[in-house]
Structures are given as structure tokens and as C-alpha cells.
Amino acid sequence: MSLPTLSPKDAKRLLDRGATLMDIREADEHARERIPGARLMPLSKLDEAELALHGGRPVIFHCKSGARTKGSATRLAAKVGGTCEAFIVEGGIDAWKKAGLPVAVDRRQPLELQRQVQIGAGSMAFAGTLLGLLVSPWFLIVPTFVGAGLMVAGITGFCGMARILVKAPWNRAVYGQPQRA
1 MSLPTLSPKD AKRLLDRGAT LMDIREADEH ARERIPGARL MPLSKLDEAE LALHGGRPVI
61 FHCKSGARTK GSATRLAAKV GGTCEAFIVE GGIDAWKKAG LPVAVDRRQP LELQRQVQIG
121 AGSMAFAGTL LGLLVSPWFL IVPTFVGAGL MVAGITGFCG MARILVKAPW NRAVYGQPQR
181 A
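If you're matching positions, the sequence shown starts at 1 in the UniProt record's numbering and goes up one per residue.
Treat the hints as calculated values from the structure; they're not laboratory data.
Just so we're clear, the structure is a prediction, and the values are computed from it rather than from any experiment.
Please note: incorrect hints may appear among the correct ones.
Straight-line distance between alpha carbons at most 30 Å, and here's what the computed DSSO-like set of lysine-lysine pairs gives [said to hold, decoys possible]: (1) Lys45 / Lys64; (2) Lys9 / Lys64; (3) Lys45 / Lys9; (4) Lys98 / Lys79; (5) Lys12 / Lys64; (6) Lys79 / Lys12; (7) Lys64 / Lys97; (8) Lys98 / Lys12; (9) Lys97 / Lys9; (10) Lys45 / Lys12.
For each label pair, taking beta carbons as the anchor points, the in silico distance ranges come out as [to be verified]: (11) Ser44 / Trp138: 22 to 32 Å; (12) Lys97 / Pro137: 44 to 54 Å; (13) Val105 / Ala168: 34 to 44 Å; (14) Ala67 / Val152: 18 to 28 Å; (15) Phe126 / Gly81: 47 to 57 Å; (16) Pro4 / Gly37: 34 to 44 Å; (17) Phe126 / Thr83: 43 to 53 Å; (18) Pro137 / Arg172: 21 to 31 Å; (19) Arg163 / Phe126: 34 to 44 Å; (20) Gly122 / Lys9: 10 to 20 Å; (21) Lys167 / Gly122: 13 to 23 Å; (22) Ser123 / Asp94: 36 to 46 Å; (23) Arg163 / Ile141: 36 to 46 Å.
Ideal Cβ placement from N, Cα and C applies to all residues, glycine included.
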């Protein structure tokens, strides 16, 4: 079953009348930027999540661009279970911002883990290539290693760099790891 989409402005009107907004992005994405009043229900934890519906009021789901919600529409519709109307925000939070609607941003929160991996892998590949060309060809092992790591991550879903970055001091608050005194 596919869920109907709403423009951000239509979604806002529905929210003003009491609909519930559910953010299906991950905790790190939600912590840094969110639509005010949106409740977090990460797609990765959807099966365990409890969806408290309020008197049959409509539920609106959103992600960053709308792709995750559209791709998971069947699972989201099953979670609602036909007890109320459910919708997807067309274009996600990106379209919400473009429509000039309010977004709460907390720049003190770290960048999303995926972006941290992209920055780290890109920096290592660029530096290794530059050093390989200017200093010694042996440095070309760095971009080779990064490329192999990205292939493994894409094929298996295991990303070693992400596992390391989760433990970084700036990510501890988001991922619930206590900081050492």
C-alpha cells in the first residue's frame, strides 16, 4: 500500500489542526535539524517502535528528501494499521525548508554520521592521492584502502569508519555513550 503525499504547506495546515508528525530519520539527523513538534521514530527501529496515535488524528511521516518515506510507505502504512489517515511530506524536510516553513537547527550537534564518513573517506582519498603524486607512490595505498573500505561497506552494510566515528568525543551525546571524566 502506498501512502498519499502532501506538499509541505498542506502538511503544515494539517499539523495546525492536530495531526502528528513523525520523523523517520536517524537520531543524529533529528538532533541536528528537525521540524518543530516532530516525534522521532527512526526507520531502522520501526519494527520495535510504538506509535501512539491520538484519537484517529492523521499521521504525517517525513525524512530528509522524501525518498526513505516513499520507499518505506508499505511498512509505514502497516505501522499505522488503518486506524487513521497517514501521509508523506513530499520532498521531506528539504522541501519543508524550501517552502519557508520553520525548522529547529542545533549546530552544536555533530554532522550526520553518513556525512562524517563521506568527509573522512574523501579527505583520506584526496590526501593519499596528492601525497602519492607529490611525495611517494607508496601513499597511493591510502586511497586504495579507502576505496576497498567503501566497497565492503556498500556490499555488506558494515562500515568500519562509521563504527570508529560513533566513538568520537563529538558523537558521544548523540549515540548515548558516556564521556569519560
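Here is how each hint holds up against the structure:
The straight-line distance between the Cα atoms of Lys45 and Lys64 is roughly 17 Å, inside the 30 Å bound, and the hint therefore holds. In summary, the hint linking Lys9 to Lys64 is supported, as the alpha carbons are separated by about 16 Å, within the 30 Å threshold. Taking the CA atoms of Lys45 and Lys9, the gap is near 28 Å; set against the 30 Å cutoff, the hint holds. Annotation: proposed proximity of Lys98 to Lys79 holds, straight-line Cα distance about 29 Å (limit 30 Å).
Of the pairs offered as hints, the one joining Lys12 and Lys64 holds, with about 16 Å between alpha carbons and a cut-off of 30 Å not exceeded. A threshold of 30 Å between alpha carbons decides the hint, and for Lys79 with Lys12 the separation of about 22 Å falls inside it, so the pair holds. Of the pairs offered as hints, the one joining Lys64 and Lys97 holds, with about 10 Å between alpha carbons and a cut-off of 30 Å not exceeded. Note on Lys98 and Lys12: the hinted pairing holds, with a Cα-Cα distance of about 13 Å set against a maximum of 30 Å.
For the given pair, Lys97 sits about 10 Å from Lys9 by alpha-carbon distance, which is consistent with the 30 Å threshold. Taking the CA atoms of Lys45 and Lys12, the gap is near 26 Å; set against the 30 Å cutoff, the hint holds. Separation of Ser44 from Trp138 is about 39 Å and departs from the stated range, judged on CB atoms against 22 to 32 Å. A hinted range of 44 to 54 Å for the beta carbons of Lys97 and Pro137 is consistent with their spacing of about 45 Å.
Here the CB-CB span from Val105 to Ala168 is close to 21 Å, at odds with the stated 34 to 44 Å. Taking 18 to 28 Å as the suggested C-beta distance range, the pair Ala67 and Val152 conforms, at roughly 24 Å. Hint check: Phe126 to Gly81, Cβ distance near 49 Å, so the stated range 47 to 57 Å holds. Between Pro4 and Gly37 the beta carbon distance is about 21 Å. The supplied range of 34 to 44 Å is therefore violated.
A C-beta distance of roughly 51 Å is found between Phe126 and Thr83, which places it inside the suggested range of 43 to 53 Å. Distance hint for Pro137 and Arg172: a CB-CB separation of about 39 Å, inconsistent with the stated range 21 to 31 Å. A hinted range of 34 to 44 Å is violated for the C-beta pair Arg163 and Phe126, which are about 22 Å apart. Checking the proposed 10 to 20 Å range against Gly122 and Lys9 shows it is violated: the Cβ atoms sit about 36 Å from each other.
Taking the beta carbon of each, Lys167 and Gly122 are about 20 Å apart, inside 13 to 23 Å as hinted. Range check, Ser123 to Asp94: about 25 Å between beta-carbon atoms, so the 36 to 46 Å window is missed. Look at Arg163 against Ile141: about 21 Å separates their beta carbons, and that is not inside 36 to 46 Å.
Violated hints, in rising order: 11, 13, 16, 18, 19, 20, 22, 23; the structure is consistent with all others.
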